Amino acid sequence: MSHHVIGSVLVVGGGIAGMQSALDLANSGYYVYLLEKSPSIGGVMSQLDKTFPTNDCAM
Amino acid sequence: MGLAKRKAIYVQYAQAVPLKYTIDKANCIYFIKKGKCGACKKICPTGAVDFDQKEEIVTLNVGSVILSPGFAPFDPTVFDAYQYAKLPNVVTAMEFERVLSASGPTMGHLVRASDQKEPKKIAWFQCVGSRDMNKCDNSYCSSVCCMYAIKEAVIAKEHAGKDLDCAVFFMDMRTHGKEFERFYTTAKDKHGIRFIRCRVHTINPVAGTDDLEIRYITETGELKTEIFDQIVLSVGLQIKPEIAELAKRLGIELTEGRFCKTETFEPVATSREGIFVCGVFQGPKDIPQAVIDASAAASAAGEILSEARNTLIKHKEAVTETNITGERPRIGVFVCRCGINIAGVVDVPKVAEYAKTLPYVEFTTDNLYSCSQDTQENMAQIIKKERLNRVVVAACTPKTHEPLFQETLTNAGLNKYLFEMANIRNQDSWVHKSNPELATEKAIDLVRMAVAKVALMEPLKEAELEVNQTAVVIGGGIAGMSAAKSLAKQGYETHIIEKGKCLGGQALNIFRTPKGEDIAEKLSGLVDEITKDQKIHVHLDSAITSVDGFVGNFKSTISSNGKNDVLEHGIAIIATGASAFKPSEYNYGKDPRIMTSLELDKKFMEKDPSLKKIDSAVFIQCVGSREPDRLYCSRVCCTHSIDNAIELKKINPDMNVYVLYRDIRTYGEREYLYKKARGMGIIFIRYSVDNKPEVKPEGEKIMVGVTDHILGRRLSLEADIVTLATAVIPNRDEKLANFFKVPVNDDGFFIERHAKLGPSEFATDGVFLCGLAHYPKPIDESIAQGMAAASRAVTLLARKKIHTSGTIAETMPAVCSSCGVCVSICPYSAPSFIEETARFFPGKAQINPVLCKGCGLCVASCRSGAIRLKGFDNDQIFAQIYELSKAV
Amino acid sequence: MLGYIDKIREISKRLLDEGRVDMVVGFRKGSMPMMNEPSFIKNSGEVSKLVWDSNCGINLANYLTDRKEKIGVIAKGCDSRNIVTHILENKIKRDQLVIIGVPCKGMIDRRLITAMFDTEVREVNEKGDTVTVKGAGFEKKLKKSDILQDNCSKCIHRNPVLYDELAAPLVEEQKDIDRYAEVRRIEAMSPQEKWQYFEDLIAPCIRCYACRNACPLCYCPTCFVDESRPQWVGKSQDETDIRTFHFLRAYHCAGRCTDCGACERACPVGIKVRQFTSKLNKDCLDMFGWEAGVLPDQRPPLDTFKPADPGDFIK
Amino acid sequence: MEHMGVEPGRLSFSWISSAESTKFVDVVKDVTATVKALGPNNNFKKAADKVT
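The listed protein sequences correspond, in order, to chains A, B, C and D.
Basically my numbering = 1-based index in the first sequence + 1.
Basically my numbering = 1-based index in the second sequence + 1.
Basically my numbering = 1-based index in the third sequence + 4.
Basically my numbering = 1-based index in the fourth sequence + 749.
Bound-form chain A, shown alone (with noise of 0.2 Å):
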């Protein structure tokens, strides 16, 4: 069976992790659809204050 291959993925949530996924994968010569339920990508991580252990601002 010969089965065609597409190149491209799908990533649910854009949050750090799914945003991350998105960016290795758009570099590596994917397209990527990133789907967000809210109206702005970053997740949980953008709510943060700062992060350890840099304290690094979460943004």
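Some clues are possibly wrong.
Across the chosen pairs, the derived CB separations fall in these ranges [claimed, not checked]:
1) B:Gln-117 x C:Pro-234: 38 to 44 Å
2) B:Ser-525 x A:Val-6: 50 to 56 Å
3) B:Glu-318 x C:Phe-251: 53 to 59 Å
With the Cβ distance kept under 8 Å, some of the chain C side facing chain D (calculated, not the full set) [as the list claims (entries may be wrong)]:
4) Arg-188
5) Glu-191
6) Pro-195
7) Lys-198
8) Trp-199
9) Phe-202
10) Asp-242
11) Thr-244
12) Phe-251
13) Val-298
14) Phe-317
15) Ile-318
In silico contact screen, one side only, chain B against chain A (beta carbon under 7 Å); selected entries [unchecked claim]:
16) Thr-60
17) Gly-64
18) Ala-291
19) Ser-296
20) Ala-299
21) Gly-303
Everything labelled a hint here was simulated from the structure, so no lab data went into it.
Keep in mind it's a predicted model, so treat the numbers as computed, not measured.
Every residue gets a Cβ at the ideal spot worked out from N, C-alpha and C, and that includes glycine.
Given the structure of chain A, go ahead and fit chains B, C and D onto it with the hints provided.
Same frame as chain A, now just chains B, C and D:
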């Protein structure tokens, strides 16, 4: 989150991407009262409000799906005893994050909700909605709450000052991440945060005040009553019901905790082929682990789609660059209003008008939003029409927007470095809101400086480099092999350099995974696959003896059995692993019955018959870990010992099994094992680091003395075997670190690019990291990181060509005095001396544009003034300073 | 000290005859008393020109910069330290050099002696620790230790740190010397007093750059004072420009200066220019335990970074 | 600089990460206040520009 009022049209948060307003349909007058109001539509200057948008159903055909639907913080309303919904000063940790945040409802000012009073005493309650089968059915550990509670307590003290009293009430302190244990220790010792091992039952409001009273039992058994101003509930992570529902629709199996079910050796594969998972849906985890999984999932998708790579992506058409050499500067100045962000304070037309009077300025205008698509296109048209050869945009910060405007220049056929931004928003209109006149003056000064600088700008070239498509993986353990496998499946020639005689690394010494998979069997399958793969070349008994070159073009010498080979490769993955600590305490080495965890595993693997004869077994945790000179948690040992304890109990159910521990750290769904062990009658006894157990062989038995904290007395246990859960010690490799110019921390682990966002790569381009060399971790996490490192590497390999920055240092050999300070001081080894035999400027310094990062260290240290940083040249900086001095 | 001459000549002759060096850099008698000049001897017949006495204060390392031939060089303690710095800074290669080490007991201060007499000093001779000064109608014997150059009187590196041949047995180093009393005196002043002190110090400066030219460390192809794009320092006689010049010259010597005194010796108007550099020398010693040119295989502190470096100045 | 008679406080070094906005503001306020208190530095002006 209900902490503050929000309008019906809002931006989710100040730095949201995309930074666009959205209408809250449930609260908008237009939607509630069919067609009334609509003021926003009338007032919007760009006509962006459209009430008639409809939901659209789009069907997508894709090759693979990655699920990263995230989690919801546990809702503690169900806990009557904590009265979360009733008491305003009982908040969740997420709400507390917002209070601490500078962009939050209180602008980062620490006040409690009921009366806006600054709290003097705050308590954190751990495990709210985690490790709990009574009030909710989340019996897993959420993995992240201990660490975030400590972080919040430390930051709260930073905000409110030393006098703030912070207390964390916990069951086990689980700081098992990289550098976490050190943070916990400083929080305790330096910041004076109180840690109290107790699960508090009830919160009572103090009548007549907004304060909260709690009662708890101290470790010595004393009942105490304490009043706090505010209580933070460290809520756990859980999967939303609609996600579980979605999984069901997709035919994906879930675990007991409603997380996506995965296998140890395929940590991001769901039970359905082609669908991968990452983030908290895969299991409760913190940010770096989510980032690792995310890259691993991308890699897994890439493995199955590699033949269709580059089939659907679109390439931008390149615009030919206009040659402006010798032209008189023709500067265009675009002043941005940023809606009312700038124009509300700064007199934008006045600034634009002023810019017209500056030398070489041929065109000025103001834009409503310079960053919007149509303005961008318009700007490109103007650049072409007015034959501009330098551009200044006075707007927001170059940190976020410079690349965008540079792209506009490129699209207009102009070298992207013929550009300068004046930050009249973040550094002007935002901070001088109350003083519009001075703000306008400052904007004028900033524009004048930018114009002076850009006039001296020259087009800069970016070096283009071919990326060698071969990969090298150093270390043939589980992480290294996973990385190699993933790279090979995505079509890249890969070399594994292993110093030992066979592949497998530490996994060879481990009996089984906590999920019950047989490691030896899985491992030999993997080794087999690696050896058979045509694209993978395994070099055993080998080591790297030198490395030349840089990202895309490394040249490494590999010595195997006395033979030296030179290998050219584009990227390198460091997976040099770690090994088990051999202790000198607890009489280890003096009696064969006192062994390390791996030695016990060996007995299991060999099916040692002596195991059946054991009546009593003792496990001692944290041997060599979490001690002053090795201040990190080895992460794997709690789960490993508990699993081995269970195995012993299975071999002989009458056996007495004791686990002596400091904190049990069975994070995530490993918690179930801990619960199971307790159910099987395995006895857990806690000890403290300043009162360690004593182990003495006495005749037939080994006597283990330990102080039981609950009973408050010294116990004496008779054991047939004692297993020491010893620390994971990295295979410290300073030489390799030096070859690739990558850093190593005090403990000997490699330091990644960014603790949160770049866990599987180094700051040095083209060098990646995975496995135990990064930090102790179990097999599933090692495999995920191996795949993640491969994924990060592929993003580089796939580009085939890379461009370096144009903003780099350059020497002027005629002025160079060859003193060598730049060669000595550069952290990237970019400067070197021109060969003595060269025709021009022998012995003078030169800078390799590929290695240079443009940090400017050499420029500052050159006594002869022979180095210039392109784009920040001396005369440009001086020009700016002269222009600035006109303002005074 | 005069006894050194024979040994120096003998070594130089041997090196030239054996072809181990193409030339020897040393001193010859100057046309005026107390003004010995550098001399480049290229054949062994000329070695008799070489001299050695307490007037050889010029730093011969200054003549090695960017030379390609093989050189024999006479080196006092301070010269040898500058040679070490030169090797580190890639100005000359170690294997080009045969260093003829001369343990030194200090050089005499020409300016101090001239100032003692109303008329011209015509002849200066020394024997042991006694220096005899003759002029029209006077003759006076002086104790050498009373008329040493300031830097020599405070020197703790009289013996060469690096040498291939030795012209005399090593001498005893001076101990318990307080080298930085003067620096501390200035440190104790108020900002206004400090400013005034340096104002007075540089008042006579004519910006002839003799200090720079005499300094073995100043070898840049284009000196910052000569740069015009960008112009780091104005070319005028304005006191701010003069001060900037002295500031920056001193900073360029930070961690490299051996306190050889060449700058001060060269100044035609007698400015104590070492006041600028000795503060930086003291700081380098206090902060990094560093003295320039003592360790032949270590980069100076300002070329390197170590996590333990002092950072108190960063707030 | 201080050794040569520039008052302490005119020169300041600080290590501030791009995330430490509050620290940056504090340091800038601090330095401005110190320099304002010291008044104009007449010493380092060209003779021609000196305010007398």
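Hinted contact C:Val-298 with chain D - closest CB pair below 8 Å = Because about 24 Å separates C:Val-298 from the closest Cβ in chain D, which is outside the 8 Å limit, the hint is violated.
Closest C-beta approach of B:Ala-299 to chain A relative to 7 Å, hint status | Nearest chain A Cβ about 4 Å off; hint holds.
Is the gap between the beta carbons of B:Glu-318 and C:Phe-251 within 53 to 59 Å?
-> With a Cβ separation near 55 Å, B:Glu-318 and C:Phe-251 satisfy 53 to 59 Å, so the hint holds.
Does the interface hint hold: is C:Asp-242 within less than 8 Å of chain D, judged Cβ to Cβ?
-> Since chain D brings a Cβ to about 5 Å from C:Asp-242, closer than 8 Å, the hint holds.
C:Phe-202 as chain D interface residue, shortest Cβ-Cβ below 8 Å | Holds: closest Cβ of chain D sits about 5 Å from C:Phe-202, inside 8 Å.
Restraint check, 8 Å cut-off on beta carbons, for C:Trp-199 near chain D | holds (3 Å)
Does the interface hint hold: is B:Ala-291 within less than 7 Å of chain A, judged Cβ to Cβ?
-> holds (4 Å)
Double-check C:Ile-318 for me: the hint is only fine if its C-beta lies closer than 8 Å to a C-beta in chain D.
-> holds (5 Å)
Does the nearest C-beta of chain D fall within a distance shorter than 8 Å of the C-beta of C:Arg-188?
-> violated (11 Å)
Are B:Gly-64 and chain A close enough, Cβ to Cβ, to be under 7 Å, as the hint says?
-> The hint holds - B:Gly-64 has a Cβ within 7 Å of chain A, the shortest such distance being about 4 Å.
With 8 Å as the cut and Cβ atoms as the points, is C:Lys-198 at the interface with chain D?
-> This hint holds: C:Lys-198 lies near chain D, its Cβ roughly 3 Å from the closest one there, short of 8 Å.
Does B:Thr-60 pass the interface hint, meaning its C-beta sits closer than 7 Å to a C-beta of chain A?
-> violated (11 Å)
Against the hints set out earlier in the document, violations occur for numbers 1, 2, 4, 13 and 16.
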